[in-house]
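J.: Sequence:
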Amino acid sequence: MKEFFKRKDIEISVKRYLQDALSAMAWGLFATLLMGTILDVLGTQTANLFGENPVSAFLVTIGGTAKDLMGAGIGVAVAWGLKAPPLVLFSSAVTGMMGATVTGFGITFAGGPAGAFIAAAIGAEFGKMVSKETPVDILVTPATSIIMGGIGAKLFGPAIGWCMIKVGEFIMMATELQPLLFGIIVSVVVGLVLTAPVSSAALCVMFDLTGLAAGAATVGCCAQMVGFAVASYKENGVGGLVAQGIGTSMLQVSNIIRNPWIIVPATLAGAIVGPLSTCLFKMTNIPVGAGMGTCGFVGQIGTFTAMGFSFSVLWKVLLLHIVLPGLLAFFIDKGMRALGLIKDGDYKLDL
Numbered sequence: 001m002k003e004f005f006k007r008k009d010i011e012i013s014v015k016r017y018l019q020d021a022l023s024a025m026a027w028g029l030f031a032t033l034l035m036g037t038i039l040d041v042l043g044t045q046t047a048n049l050f051g052e053n054p055v056s057a058f059l060v061t062i063g064g065t066a067k068d069l070m071g072a073g074i075g076v077a078v079a080w081g082l083k084a085p086p087l088v089l090f091s092s093a094v095t096g097m098m099g100a101t102v103t104g105f106g107i108t109f110a111g112g113p114a115g116a117f118i119a120a121a122i123g124a125e126f127g128k129m130v131s132k133e134t135p136v137d138i139l140v141t142p143a144t145s146i147i148m149g150g151i152g153a154k155l156f157g158p159a160i161g162w163c164m165i166k167v168g169e170f171i172m173m174a175t176e177l178q179p180l181l182f183g184i185i186v187s188v189v190v191g192l193v194l195t196a197p198v199s200s201a202a203l204c205v206m207f208d209l210t211g212l213a214a215g216a217a218t219v220g221c222c223a224q225m226v227g228f229a230v231a232s233y234k235e236n237g238v239g240g241l242v243a244q245g246i247g248t249s250m251l252q253v254s255n256i257i258r259n260p261w262i263i264v265p266a267t268l269a270g271a272i273v274g275p276l277s278t279c280l281f282k283m284t285n286i287p288v289g290a291g292m293g294t295c296g297f298v299g300q301i302g303t304f305t306a307m308g309f310s311f312s313v314l315w316k317v318l319l320l321h322i323v324l325p326g327l328l329a330f331f332i333d334k335g336m337r338a339l340g341l342i343k344d345g346d347y348k349l350d351l
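First residue of the sequence shown? That's 1 in our numbering, and the numbers climb one at a time after it.
Note that these hints are calculated values from the structure, not bench results.
Using N, Cα and C, we set each Cβ at its ideal position, and we do this for glycine too.
You may find that some hints are simply not true.
Said to hold, decoys possible - Per label pair, the in silico range of CB-to-CB distance:
#	residue 1	residue 2	range
1	15	54	45 to 55 Å
2	308	54	40 to 50 Å
3	137	350	50 to 60 Å
4	180	57	38 to 48 Å
As the list claims (entries may be wrong) - With a cut-off of at most 25 Å between alpha-carbon atoms, the simulated DSS-like pairs for lysine-lysine come out as follows:
#	residue 1	residue 2
5	166	8
6	67	154
7	154	166
8	83	2
Construct the complete structure from the given sequences, taking the supplied hints into account.
T.: Put into C-alpha cells, the structure is as follows:
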C-alpha cells in the first residue's frame with residue numbers, strides 16, 4: 001500500500017493537507033469569492049454614484065456569479081494543491097460545488113467553504129487512486145472522483161461546516177464580550193497563522209469571521225506583514241518592503257526557524273494594535289478580507305466594504321493597518337537588536 005500511495009503521490013500528512021491543500025484553497029477563494037466581492041462592490045458603488053447603468057449592472061452580475069461559484073473554485077484549487085491529474089482536477093469543480101452546497105442527513109446546514117475543502121480532498125484522493133489504472137480512464141476517473149467526493153459532501157461537509165461556523169460565532173461573541181482580551185488573542189493567533197505556511201484567509205472564511213473579531217484578525221495580519229517589512233528593511237531594502245508588505249510575511253519562515261526571536265517585533269505589534277482595534281476604533285471586516293492583512297490591499301478593501309468608505313474610516317485604516325504596526329515593530333526590533341537577540345542579517349531574504 002505504501003508503494004501504491006507513493007506511486008500515486010498520495011501523502012497523508014499535516015503538510016499536504018494543512019499547508020499545500022489549504023494554501024491552494026486560498027487561491028480558489030481569491031479567484032471566486034474575493035474577486036466576486038470586489039466586482040460586486042465596485043458595481044454597487046458606481047451605481048450609487050452615477051445611477052443605474054449597464055456597466056454597473058454587468059459588474060454586479062459577474063461579481064455575484066463569481067461568488068456563487070466559490071465551491072467550484074475551491075474544489076479545483078484543492079485538487080491542484082493535492083497534485084491531482086487532469087481528469088481528477090476538472091472533476092473537482094463538481095465535488096467542491098457539492099461540498100459547499102449539499103446538505104447532510106438530517107442537517108439543513110450546507111458545508112460552505114469547509115465542506116468544499118473536504119469533498120474536494122476526498123474526491124481528489126480517490127480519483128488519483130484509479131487514475132490511468134483502467135482502459136476506460138476517461139469514464140472511471142471522473143466518476144470515482146465525483147461519486148466519492150459526493151459521498152464526502154453528504155456525510156461530512158454539513159457537519160464540518162456547521163462546526164466551523166459555530167467556532168467562528170464563539171470567537172465573534174467572545175470578542176464582543178471581552179474586546180481587550182480577545183483583541184489580543186485573535187490578532188496574535190491569526191497573524192501567526194498568516195506568517196506560517198497555512199492560509200489565514202481560508203481559515204477566516206471557513207469561520208465566517210465578521211465584526212470586531214474580523215477587524216482584530218486584519219490588524220494582526222497587517223502587523224505581521226508591515227512589521228516584518230519595516231524591521232527587515234535594513235537587510236532587504238525596497239524589494240523586501242514590497243514583497244513582505246503587500247505580498248506575504250511567509251517569506252520569513254526559514255529565517256524564523258534559524259532565529260525565532262525575529263517573529264517577536266511583528267507579533268508584539270499585533271498584540272498592541274489588536275485591542276486598539278476592538279476597544280477604541282471598533283474596526284470590522286468581511287470574512288474574505290479578515291485574514292489577508294495588506295496582501296494586495298485586500299484587507300483594506302474588505303474593511304471599506306464592511307465599514308463604508310469615508311475619510312474617518314480611511315485614517316483609521318492607515319493608522320491601524322500600516323503606521324502603528326510599522327512603528328511598533330521598528331522600535332521593538334531596535335530594542336531587541338540592542339539586547340543582541342536579533343543580529344544584522346537575521347531577516348535577509350533571497351530576493
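J.: Now, for every hint given, state plainly whether the structure supports it.
T.: Hint check results:
Distance hint check for residue 15 and residue 54: the Cβ-Cβ separation is about 48 Å, which falls inside the suggested range of 45 to 55 Å. As the Cβ distance of residue 308 to residue 54 is approximately 25 Å, the hint placing it in 40 to 50 Å is violated. The hinted window of 50 to 60 Å between residue 137 and residue 350 is violated, with their beta carbons roughly 41 Å apart. Judged by the Cβ atoms, the range 38 to 48 Å given for residue 180 and residue 57 holds: they are separated by roughly 45 Å.
Among the hinted pairs, residue 166 with residue 8 is inconsistent with the structure: their alpha-carbon atoms are about 36 Å apart, more than 25 Å. At most 25 Å may separate the alpha-carbon atoms for a hinted pair to count; residue 67 and residue 154 meet this at roughly 22 Å. About 19 Å separates the Cα atoms of residue 154 and residue 166, which keeps this hinted pair within 25 Å; it holds. Our distance criterion of 25 Å between C-alpha atoms is met by residue 83 and residue 2, whose separation comes to about 18 Å.
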